[in-house]
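Residues per chain, in single letters:
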Amino acid sequence: MTLTTTSKNVKEVNQVVVRFAGDSGDGMQLTGSRFTAVTSLVPNDTATLPDYPAEIRAPAGTLAGVSSFQLHFSDHDILTPGDKPDVLVAMNPAALKAHLSMVKSGGIILVNSDSFDERSLGKAGYGSNPLDDGTVKPYRVYEIPMTKLTLEACKSVGVKPRDAERSKNFFALGLLSWMYTRPVQPTIDWIEERFASNEMVKEANLRSYKAGYNFGETAEIFEARYEVAPSRFESGTYTNVPGNTALAWGLVVASRLAKMPLFLGSYPITPASDILHELAKLKNFGVRTFQAEDEIAGAGSALGAAYGGCLGVTTTSGPGIDLKAETIGLAAHLELPMVIVDIQRVGPSTGIPTKTEQADLLAVVHGRHGESPVPVVAAMSPGHAFDAAIEACRIAIEYRTPVYLLSDGYVANSSEPWRLPDLDALPAIDPHFLDTPNHVDDQGNASYWPYVRDPDTFARQWAIPGTPGLEHRMGGLEHADGSGNVAYDTLNHEKMTQLRQAKLDAISKSIPLLAVDDPDGLGGAEVLAVSWGSTYPAVLAGVRRTRKRGLKVAMVHLVHLNPFPSNLGEILGRYRKIIVPEINMGQLWTLIRARYLVDAESISKVQGIPFKAAEIESAILDALDKRRVARS
Amino acid sequence: MTLTTTSKNVKEVNQVVVRFAGDSGDGMQLTGSRFTAVTSLVPNDTATLPDYPAEIRAPAGTLAGVSSFQLHFSDHDILTPGDKPDVLVAMNPAALKAHLSMVKSGGIILVNSDSFDERSLGKAGYGSNPLDDGTVKPYRVYEIPMTKLTLEACKSVGVKPRDAERSKNFFALGLLSWMYTRPVQPTIDWIEERFASNEMVKEANLRSYKAGYNFGETAEIFEARYEVAPSRFESGTYTNVPGNTALAWGLVVASRLAKMPLFLGSYPITPASDILHELAKLKNFGVRTFQAEDEIAGAGSALGAAYGGCLGVTTTSGPGIDLKAETIGLAAHLELPMVIVDIQRVGPSTGIPTKTEQADLLAVVHGRHGESPVPVVAAMSPGHAFDAAIEACRIAIEYRTPVYLLSDGYVANSSEPWRLPDLDALPAIDPHFLDTPNHVDDQGNASYWPYVRDPDTFARQWAIPGTPGLEHRMGGLEHADGSGNVAYDTLNHEKMTQLRQAKLDAISKSIPLLAVDDPDGLGGAEVLAVSWGSTYPAVLAGVRRTRKRGLKVAMVHLVHLNPFPSNLGEILGRYRKIIVPEINMGQLWTLIRARYLVDAESISKVQGIPFKAAEIESAILDALDKRRVARS
Amino acid sequence: MSDGVATAVSRPDTPASTRKDWVSDQEVRWCPGCGDFTILAAMQTLLAEMGARRESTVFVSGIGCSSRFPYYMNTYGIHSIHGRAPAFATGLAVARPDLDVWVITGDGDALSIGGNHLIHTLRRNVNINIILFNNQIYGLTKGQFSPTSEVGKVTKSTPYGSLDTPFNPVSLALGAEATFVARTHDMDRKHMMEVLRQAYDHRGTSFVEIYQNCNVYNDGAFNDITSKDRRADYLIPLVHGEPIRYGKDGEFGVSRGEDGMLHLVKVADVGEDALLIHDMSLDNPSQAFELSRLARGPHEPTPIGVFRSVDCPEYGYEVARQLAEVEGRKGIGDLSALLRSSGTWVVE
Amino acid sequence: MSDGVATAVSRPDTPASTRKDWVSDQEVRWCPGCGDFTILAAMQTLLAEMGARRESTVFVSGIGCSSRFPYYMNTYGIHSIHGRAPAFATGLAVARPDLDVWVITGDGDALSIGGNHLIHTLRRNVNINIILFNNQIYGLTKGQFSPTSEVGKVTKSTPYGSLDTPFNPVSLALGAEATFVARTHDMDRKHMMEVLRQAYDHRGTSFVEIYQNCNVYNDGAFNDITSKDRRADYLIPLVHGEPIRYGKDGEFGVSRGEDGMLHLVKVADVGEDALLIHDMSLDNPSQAFELSRLARGPHEPTPIGVFRSVDCPEYGYEVARQLAEVEGRKGIGDLSALLRSSGTWVVE
Ligand SMILES: Cc1ncc(C[n+]2csc(CCOP(=O)(O)OP(=O)(O)O)c2C)c(N)n1
Ligand SMILES: Cc1ncc(C[n+]2csc(CCOP(=O)(O)OP(=O)(O)O)c2C)c(N)n1
Ligand code: SF4
Ligand code: SF4
Ligand SMILES: [Mg+2]
Ligand SMILES: [Mg+2]
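Residue numbers (our numbering), protein chains in the order written: chain Y, 178 to 809; chain P, 178 to 809; chain G, 4 to 351; chain R, 4 to 351.
Honestly, I wouldn't trust all of these hints.
[Said to hold, decoys possible] Some but not every residue of chain P turned toward chain Y, in silico, with C-beta under 8 Å:
#1 A231
#2 I498
#3 H510
#4 E534
#5 A540
#6 G544
#7 E548
#8 G653
#9 L668
#10 H670
#11 E671
#12 N761
#13 T767
#14 L774
#15 D776
#16 G785
[To be verified] Computed list of lysine-lysine pairs in DSS-like fashion (alpha-carbon distance at most 27 Å, straight line):
#17 Y:K261 - P:K672
#18 R:K145 - P:K300
#19 P:K281 - P:K300
If you are wondering where the hints come from, they were derived from the structure by calculation, not from laboratory data. Please read all numbers here as calculations on a predicted model, not as lab measurements. Glycine included, each C-beta is placed from N, C-alpha and C at the ideal position.
Build the full structure now, drawing on both the sequences and the hints.
Following this line, the structure appears as structure tokens:
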């Protein structure tokens, strides 16, 4: 079987949003990410939104079992996975039911008509067949017997029908590849490599893929194919990785930049586990991964390794953040570097582990007993997770402090084209290990004092075990600055408390000044939108939309949540109207109000999913209206 | 030996501040609390400040080993243990060295001159004898050979000299009792009862006490005795208890008020352990105390008992607060009542366990992952710990929520005259356990839905195990309101998040409106001082001092830190200048700024000791000056 | 105010129940073929058979596939947080001795994050039945090695093989002073029910390890022991009072050798009389411990059954007894006297 | 950028040290008479004797009186947080196999809050020496009962007596797969030093329980075993390769009886040949476990010495081996290739 392409009508479009949906067992995540991969090769710009069901597989065919993957691709710079799909691929009735209402009216729906039997309809909770009863009227529906066609295609391969059926996602992939004129060879190569060890499965997948492709070509039911012209990208080498992978790579790179071996102490938890999985593969990068007995030991072992001079990292999600608090307090008190990665998910308590949220910000800023300031950095997109990881490590090492690195389920699992950085251009991180005494006592003996500080950065001079003559003791009891000896006197404690805070203030100075995106010059716009973490793409997209309407809208994005960049206060002071959209009940908003006393408005969404550009757009419009009303 | 009292010159004074100081082994805490007890009987008003050294006994005679107890007593209503002692009793050179600088100039110093030998002077770090070298010149010093006199007094008792020496604190107590004309018989009775089981020790203590008393009477070195007239107290029965005891009693009373047996799950930690010790004695009040393997199990077991219908309580200090966070998040999510008592101490990390601080406020308000609002109540004085405990239990039970009850090392260990409440007048707390179904399903079957709510309070209807027909499942996964079934849909999560917050808003309405103490009527004063927890007495004392100077100063005290009383915003809005003194870096200050956008000023002290009235006074003066400067 | 001490909820006679009465209205969501299903069925059948009461039965779990169990039982149930079920259950059981409290947990939940609560619950002997679904893997988080996974295990978090020596849950429990320790597996409903019945009857903490197949992430881990064809040669049944023997024709057995240690033997070699008679009621846990060491993992002949069952003071009962004793001695606490206990003075 | 993997710090020849070299400048702050003093002295003397290096020795502790130990050692030291020293030490030992890592802990620190880290460290066999100062009480918090206190203990938190069955630390460690388990006491410096020396020499986790007298809150808890006059009748010395016997004239011993179990016997009754020869190197921990059950507490004749010492893969070494192996196979990781490993495309 070969792939022939006729001269069928090809329409040029600027952007498309496709959503693949099916049962958890249908391989939709795989289909989606393959489609993304070849789309990146065009190259189109892409943004994705994988959506998993709860952790345990729900009964096949039910709504709870539906898994989906949304891809937005275009010929221009895009930001979000798209608000509403142009195309929905529904592998069964439950998938249709779960996602139909999201599809743009007039949008395309491709269904696997073989799966619309009575039993499956019942499982999905359909009383009658939606394909017949008018439910899908507002859409352009293509009913395709994907199961049958897949079985057909695999007939001569020799696989059992049950196994052959498993290939039907490749049929769907083939069909979509045809519809959107995606490159074909890379997928064929990929199938051949991936399934090399199982000839029959490989063959079945290949044939199904081609069958899908050819079906588009030959079946006289599609009016047109679509083409999305290559997007203009900055020149460079690109890859497409999920945020968790980029974050893991950032840690490895930071380890090299600092010449400190990476030690990861971690306990598995969704959606952070993939960082552990990723790093566990990288033993030839000198990476030690330690799957601890719990989150406390994950953090404790990382701190122990850090004490030994490693780059100590621990990864987790919300419940683990609670458990690590006491250890992080110790790290802050000892003034040892380490990085705590929090891939935020829906809380409180176990919440919804597979959905995204930004509601751990206040917990990482304030969630330790005593006065225990700890820096916080947040990743804003899958690719940025790489940079954020390096920045967190830089602060940790240079200032000898634990640093929280926040990401979330959305950044972790979605992907975007990411231009590879020039590794050689990345600045080194120097731990400045001390190997000679820094103190002379009354008797003239040289020794090491662990809390002798740089007068500007307040970073202490750091010696690690194994260094002769620099033996010293440290601990969680309050200690004297300089010597580090246990000290219970009252004024010393106040001094130490202020010093620990002063270090954060010094870090603030090391952060580049915030740049406001305001086409009308600083303070020119009528409203300022403040984003942090994964709200970035939606906020920017929403801001762009309102600008297209001719409105004056500015935007600023925060990577550093504690301390804030030193000019944040000044920036906020320039705008009368400020909105802070967050996937929480207003946590950054709370911090900003407390710090700068600005009457910002919180735009809150707590639904386990990211903002849509349209939601931000309308929030901005509302904000401007309100202002007008208030003035009149 | 009898006690005779001559007509020696007796001077009337209004108030006295006495500080007993000695080695940890010298029994200063006992001496101080006995002196307090008899002083309460006068009755004078009293306020105390015990100050322990670090947990492990330091080498005898060193500065680190000094233990002290300060008592302020007066003929009028007083608030703080006093800023500077009028009298210092120093049992050894280290005690003198540690406390001399605090004594009022011209104040009285009583030293045990026997302990000023070369060795002891050396241990205290004195190069020369301060009694001879002019160090104590500014004071009225009485050198008394207490050791010798004590040994003398005990000679015929038959105790070994080493043991007899141990009684010298009773000598000091006797002497002070004479000086301040304290009642004698109660102490004699107390000694007889307390040491009933050891005849020789009893006798030694009795004789030493009397010897001290008689020494004052007969030695011709004291110009005068002092008398402090009885203070006017509201009529009633009074006792003198440390805050931890009052808090424990409050929990027991709440348990009776709610007819829910008390279950305490706790892990020992300074300075919270005494609550466990106190409650462990009260088995005949149906109190179950469970010393758990750690703080997590302490909280977990309390939550399990609460689920079973008990009043579940867990007690701890800072490090334990970190560890309990995940469990409290579960409690908030399940909507089960429990009380988490935090006796705050100096942090971060292990910090200074025996010193006081208020720096866990932000941790209890914000220190859990996800959006997880939990009410917070704080005790303002030893006696108030009783009321605060009942209030925390009331909110927990009536609203089905965990509640943090904050106290601190100062409230926990100090004591004050406390008028016993009329127990019969305390309002009952009704858990309203459900025992009949509250839901009928489609098939007409009656069942119990755990998340059916009161429309006003948002409290859910609560059924406990053992109730036939009301079996149900709950858990930490997000669930549907009403049925409580696991629910992953996006809008439900948002609704539940809002409901959990709405419950706090409802609690806010149940809190009595805040009353401002403003002699010039609400908004009349030039400055408002906001206190919370143990800053209350110092802030009030400081405010009174400034009022005496003719300044217009208002004060408001917060018992509820989350949610705030509903009229707090309005009150704050009435004052241009607001100060918030805290034993932290400004935690309530942060919450108030964020919530009400008021430009309050933080008065921060982080020295492990409470504010002095004078510090508040000068902070208020500063604040007013600043305003004047700003205006001119 | 009255005394306020809770009294046990009265138990009206309820009609005998059937398995269906114990099935909740929630759809069971495990992967098709998961061993958890058969354990669920065994539990539901057993509770009906034993005449347990739904209203006084509570299932408490942590987090994991296995920990979803309470949702499927038509009883009181709590799906708590990872590893903490024993702590929650201890508070509940001590506060409410009238309840039957079960803890359902996994090898990660019980032995990794929850290890400390487990061993402390065991030593205290609180009246709880702890059922550990051991599938030697983290199921819910999609397949990392667990504290019972064999050395060298290749998983997502150990692509080059794990290095951690696993726990033997039976040895660990015995080292932690457990009074009831048993092992069963998900392919023999009758045996499971018998072991669970004994666990239920035991006063104090019962600890039951169930070899449970996770057919998605660790399929066949216990095949040697559970599969019909190999079972006879790998499963050593422990029957109280009976000689320990196994093999298709009982041709193998366990015997104490000259060296004083237990060995797997051919019955023909040593004679029937030399076989060890299993005694689960020995006060000294050493022999039970030794039995737990016969197999280093489920690929060697492995004892299945009740290793130890001894009668010791039950914690909740002791707590209640102490309360009653003090109350008997001092009388029901008088609040007014309590508040006056440090001495008082009266101001008129 | 270069590879960046840490290399062991080179160890220059240092001159032989004396005890004084191991004494830090901090004043020792335990109560006069506390057993901790003699342990400190034993440790300082031993390290000097063994030619250990100060710069590559690290003491890690949790919180407790005993946990102040690192402050007094003139080495690297960390006084961490309650119960977590084994976790901290694991990270350190795995990251830095060139160091000698000691954990100093108490019965509360190690067995109460830290129980889970302890048992996991033991099963992994990380190269750490864990020295547990067992005084059967919480010293630092001024006297609550601990997980090793005997039932019925009257303390501040149990005025009517404790109800919790204590752990036997040796049994627990053996149940947790420990490879080196020993017990010694604070009144015999020579024995302490000998046991600590063996712990130091052992590759993997060494677990040493030291009976330590807290003369303030639990004075005399081990008097039967430690006091000169009773020691002979209560202390059963375990000496590898020797028959186990005790008593002033060696008149008592340990022997395996007809019932297959170990018993305390009169040598005269059973004959010398019937005495059990102690073998700490048995692969099977069962006999060591059985020895740990001879005494139910320190008021019965109690074995003191090394119960078990076997050679097993050491965790940190295995981690390093796996790293080297993968690096050998794949070459030192190439960052640029890593970033390209998911496929790339180039935009000109
Ligand atoms: C505090 C915390 N840490 C980690 C997790 C993630 N988590 C959930 S279940 C689980 C382990 C599941 O393994 P197991 O207990 O063996 O249960 P199984 O799924 O195999 O039945 C983990 C690591 C969590 N929910 N909470
Ligand atoms: C998280 C935490 N919980 C509780 C404490 C209080 N605490 C300090 S040491 C200790 C127990 C000490 O007992 P042990 O470990 O036996 O040491 P010892 O003092 O007897 O040597 C406790 C409960 C703490 N510091 N941190
Ligand atoms: S992942 Fe494994 S243990 Fe979990 S439900 Fe599926 S088969 Fe069962
Ligand atoms: S309290 Fe006990 S263990 Fe602690 S230092 Fe004093 S004697 Fe030693
Ligand atoms: Mg498992
Ligand atoms: Mg101890």
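Going through the hints against the structure:
| no. | hint | in the structure |
| --- | --- | --- |
| 1 | A231 | holds (6 Å) |
| 2 | I498 | holds (5 Å) |
| 3 | H510 | holds (4 Å) |
| 4 | E534 | holds (7 Å) |
| 5 | A540 | holds (5 Å) |
| 6 | G544 | holds (3 Å) |
| 7 | E548 | holds (5 Å) |
| 8 | G653 | holds (4 Å) |
| 9 | L668 | holds (6 Å) |
| 10 | H670 | holds (5 Å) |
| 11 | E671 | holds (5 Å) |
| 12 | N761 | holds (6 Å) |
| 13 | T767 | holds (5 Å) |
| 14 | L774 | holds (5 Å) |
| 15 | D776 | holds (6 Å) |
| 16 | G785 | holds (5 Å) |
| 17 | Y:K261 - P:K672 | holds (23 Å) |
| 18 | R:K145 - P:K300 | holds (25 Å) |
| 19 | P:K281 - P:K300 | holds (25 Å) |
Hint compliance for this structure: every hint is met.
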